[in-house]
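Number of protein chains: 2
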Amino acid sequence: MKKLTEQEINDRLENFEGWEYSENTIHTSFEFENFKEAFTLMTRIAFEAEAQQHHPDWSNVYNQLEIKLSTHDAGGVTEKDFKMANAIEGIVNAD
Amino acid sequence: MKKLTEQEINDRLENFEGWEYSENTIHTSFEFENFKEAFTLMTRIAFEAEAQQHHPDWSNVYNQLEIKLSTHDAGGVTEKDFKMANAIEGIVNAD
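One line per chain: the protein sequences are G and A, in this order. Its first residue numbered 66, the first sequence is counted upward by one per residue in our numbering. Its first residue numbered 66, the second sequence is counted upward by one per residue in our numbering.
Be aware that one or more of the hints could be misleading.
Just so you know, same-sequence chains aren't split out, so a pair can sit in one copy or run between any two.
Stated by the list, open to error - In the EDC-like style, the derived pairs of lysine to aspartate or glutamate whose C-alpha atoms are separated by at most 16 Å in a straight line are: (1) Lys-67 to Glu-154; (2) Lys-68 to Glu-113; (3) Lys-145 to Asp-122; (4) Lys-68 to Glu-82; (5) Lys-67 to Asp-122; (6) Lys-101 to Glu-115; (7) Lys-145 to Glu-113; (8) Lys-67 to Asp-138; (9) Lys-101 to Glu-113; (10) Lys-145 to Glu-102; (11) Lys-101 to Glu-85; (12) Lys-101 to Asp-122; (13) Lys-145 to Glu-73; (14) Lys-133 to Glu-154; (15) Lys-148 to Glu-115; (16) Lys-67 to Glu-131; (17) Lys-67 to Glu-79.
FYI, nobody ran anything at the bench for these hints, they're computed from the structure. Computed from a prediction, not measured in an experiment: that's the story for all the values here.
Take the sequences, apply the hints, and build the full model.
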């Protein structure tokens with residue numbers, strides 16, 4: 066899986082609201098109603114991550130969720146990250 | 066819930082292996098076999114956190130889990146954090 070250039074990343078990010086590129090990752094944050102809602106969404110994302118065998122670097126405190134995606138093997142952001150970002154948006158926006 | 070002094074925190078930490086006190090939190094990290102194992106444990110901890118209405122500041126990447134506990138209302142570490150830390154140890158070590 067080939068590391069994308071900054072231009073390729075920024076082009077793709079135009080289709081994603083609330084996602085940014087920095088420090089070799091694409092990242093976003095979400096705020097939910099409470100912890101239970103946040104963890105419910107995390108669980109759905111966890112199943113998707115496991116299915117894609119591509120796992121987020123994420124942190125949670127109460128209703129806040131921060132997600133960073135990068136492809137360690139490629140040393141940067143690849144199409145795998147955008148596939149996962151797209152799945153995350155689908156999960157969060159389906160709720 | 067009263068904020069504990071540094072002495073009180075360090076006394077209590079003697080009963081916890083792998084936990085440290087810094088920046089007004091008690092914190093630890095765990096390494097699991099893979100993402101599925103890590104998230105399985107996170108789920109058990111999430112139910113406990115919800116039951117105690119005391120939620121961790123935690124982050125995960127693949128098989129790594131970092132957990133920080135503090136009591137925001139008290140501006141530091143309280144008995145609530147040690148109760149939660151104790152529950153987390155019970156969950157992780159039961160596995």
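Self-check item: Within, between, both or neither, where Lys-68 and Glu-82 count as close if Cα-Cα is 16 Å or less
Solution: neither (22 Å within a copy, 40 Å between copies)
Quiz item: Given identical chains, is Lys-101 near Asp-122, meaning Cα to Cα at most 16 Å, within a copy, between copies, both, or neither?
Solution: between (20 Å within a copy, 14 Å between copies)
Quiz item: Quick one: Lys-67 to Glu-154, C-alpha cut-off 16 Å, is that within a copy, between copies, both, or neither?
Solution: neither (23 Å within a copy, 41 Å between copies)
Self-check item: Homo-oligomer pair classification [Glu-79, Lys-67; C-alpha up to 16 Å]
Solution: Intra 20 Å, inter 48 Å, cutoff 16 Å: neither.
Exercise. At 16 Å max between alpha carbons, let me know whether Lys-145 reaches Glu-113 within a copy, between copies, both or neither.
Key: within (12 Å within a copy, 33 Å between copies)
Quiz item: What label fits Lys-145 with Asp-122 when the C-alpha limit is 16 Å: within, between, both, or neither?
Solution: within (14 Å within a copy, 27 Å between copies)
Quiz item: Is it within, between, both or neither when you check Lys-101 against Glu-85 at 16 Å Cα-Cα?
Solution: neither (26 Å within a copy, 27 Å between copies)
Exercise. Go through the copies and call it for Lys-145 and Glu-102: within, between, both or neither, with a Cα cutoff of 16 Å.
Key: neither (26 Å within a copy, 22 Å between copies)
Exercise. Tell me, please, which holds for Lys-67 and Asp-138 at an alpha-carbon limit of 16 Å: within, between, both or neither?
Key: Only inside one copy: Lys-67 and Asp-138 sit 9 Å apart there, 47 Å across copies, limit 16 Å.
Self-check item: Up to 16 Å CA-CA - Glu-113 versus Lys-101, copy category
Solution: between (19 Å within a copy, 11 Å between copies)
Quiz item: Given a CA cutoff of 16 Å, do Lys-145 and Glu-73 count as a within-copy pair, a between-copy pair, both, or neither?
Solution: within (13 Å within a copy, 47 Å between copies)
Exercise. Classify it for me, Lys-101 with Glu-115: is the Cα-Cα distance of at most 16 Å met within a copy, between copies, both or neither?
Key: Classified as between: cross-chain Cα gap 7 Å, same-chain 21 Å, threshold 16 Å.
Checked against the numbered hints above, the structure breaks hints 1, 2, 4, 5, 10, 11, 16, 17 and satisfies the rest.
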